[in-house]
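*Asks:* Next come the chains, spelled out residue by residue.
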Amino acid sequence: MDPRTSVIGKRLEKVKRIIAVSGGKGGVGKSVISSLLALALSESGKKVGLLDLDLSSPSDHIILGVKNLYPEEEYGIIPPEFQGIRFMSITLFAKDEPTPLRGGDVSNAIRELLCITRWEDLDFLIIDMPPGIGDELFEAIELLKRCEFILVTIPSRVAFETVKKLALILREIKSPIIGVIENMKRGENDFIPKECERLNLDYLGSVRFDEKLEDSIGDSEKIKESKVFEDILRISRFLMEGQRDLSRCT
Amino acid sequence: MHEWALAEAVVESVLEAIKKEGFTSVKEVDISLGELQDIELEIFEFALKKLMKKEDIFRHTKINLRVEKTLFRCRACGNEWGLRETKDIDKDIREAIHFLPELSHSFIRCPKCGSPDFEVVKGRGVSIDSIRGEIDGSED
Chain A
1 MDPRTSVIGK RLEKVKRIIA VSGGKGGVGK SVISSLLALA LSESGKKVGL
51 LDLDLSSPSD HIILGVKNLY PEEEYGIIPP EFQGIRFMSI TLFAKDEPTP
101 LRGGDVSNAI RELLCITRWE DLDFLIIDMP PGIGDELFEA IELLKRCEFI
151 LVTIPSRVAF ETVKKLALIL REIKSPIIGV IENMKRGEND FIPKECERLN
201 LDYLGSVRFD EKLEDSIGDS EKIKESKVFE DILRISRFLM EGQRDLSRCT
Chain B
1 MHEWALAEAV VESVLEAIKK EGFTSVKEVD ISLGELQDIE LEIFEFALKK
51 LMKKEDIFRH TKINLRVEKT LFRCRACGNE WGLRETKDID KDIREAIHFL
101 PELSHSFIRC PKCGSPDFEV VKGRGVSIDS IRGEIDGSED
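Chains A and B supply the protein sequences, listed in that same order. Using the working numbering, you'd call the opening residue of the first sequence number 1 and step up by one each time. Using the working numbering, you'd call the opening residue of the second sequence number 1 and step up by one each time.
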């Protein structure tokens, strides 16, 4: 009998909202959205946690410039704090080593992380989900009962096709979907908002493509000056106040 | 003190199981600890006893702890080996694997063919092997 799952609810009882940032497709910017969303909510005075569940290619620590952070042991693991954000990632233990894990190992690692991590009082726990509609997604749904989803896409039929499938699955298993963020938006194109409307998905807003973002990676202060952060900050208000950002709907 | 978190998981899990079975007291709990996770037995047992003290149902519970040797099996060449046959496991690596046994895939390779694609057949982490209890005086 695996004892770990019995205690996960208790580990998260002080967390008000658990939000998984998913999208199915790789390369649409889930990690940037997750990291900057955590940063934006924290900037707005909220207590925030960020859990990078992308076990094979974690990147939130690279985006935010998290360095030399070590988890503290106290009746479990206390996620270390970075810029006001409680942060947990496999990199805190694996450092820069690759983590070649098969499905069963992924599930085991997620259960272990959720079992030993003691999240304190948080308004939001943002979870950066890996690509795919597989083990990590179903572990999150099974173990994090209150998990709500934000789906990330780019203005592309190819990417949205996967978002659509993910939305169908989440609806089928009755997991709440907060809405869709359209990332890397360039020019005027209403394909994603229209598709969201057609599928009865809330369009949370768009995040402009910013070619200078790469220069800000690893420097959270520089990131805060980017167009991308400005847009995510606007979207984060929807999460805090329940007001949808429609300013960039075309 | 990460052992406390695992002990807490065991207690919660036993409480959940006995609720389902309708036990009124728990006589014995058999727990195996995978060699790979390298749990400090004394701390773990101390934590278990302390946590169980809070529940009357555990008043006469005997805890049996067993360390299970780790067995790895390479998916590439089929080789099987134990933890003692792995090399270059320093203190930092041991600690990383202690927190997350799956990190063995980051640091351990098949001693025969060098592959990172292996399975931990047994001896990974904490598991509850059996719970014996009573339902209003009658043993089950």
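Hints were generated in silico from the structure; no laboratory data involved. There could be a bad hint or two in this list.
Unchecked claim - No more than 16 angstroms apart at the CA atoms, straight line, and that leaves these computed lysine to aspartate or glutamate pairs for EDC-like:
#1 A:K10 to B:D90
#2 A:K95 to B:D90
#3 B:K69 to B:E12
#4 A:K14 to A:D123
#5 B:K122 to A:D2
*Asks:* If any of the earlier hints don't hold here, list their numbers in rising order.
*Replies:* 1, 3
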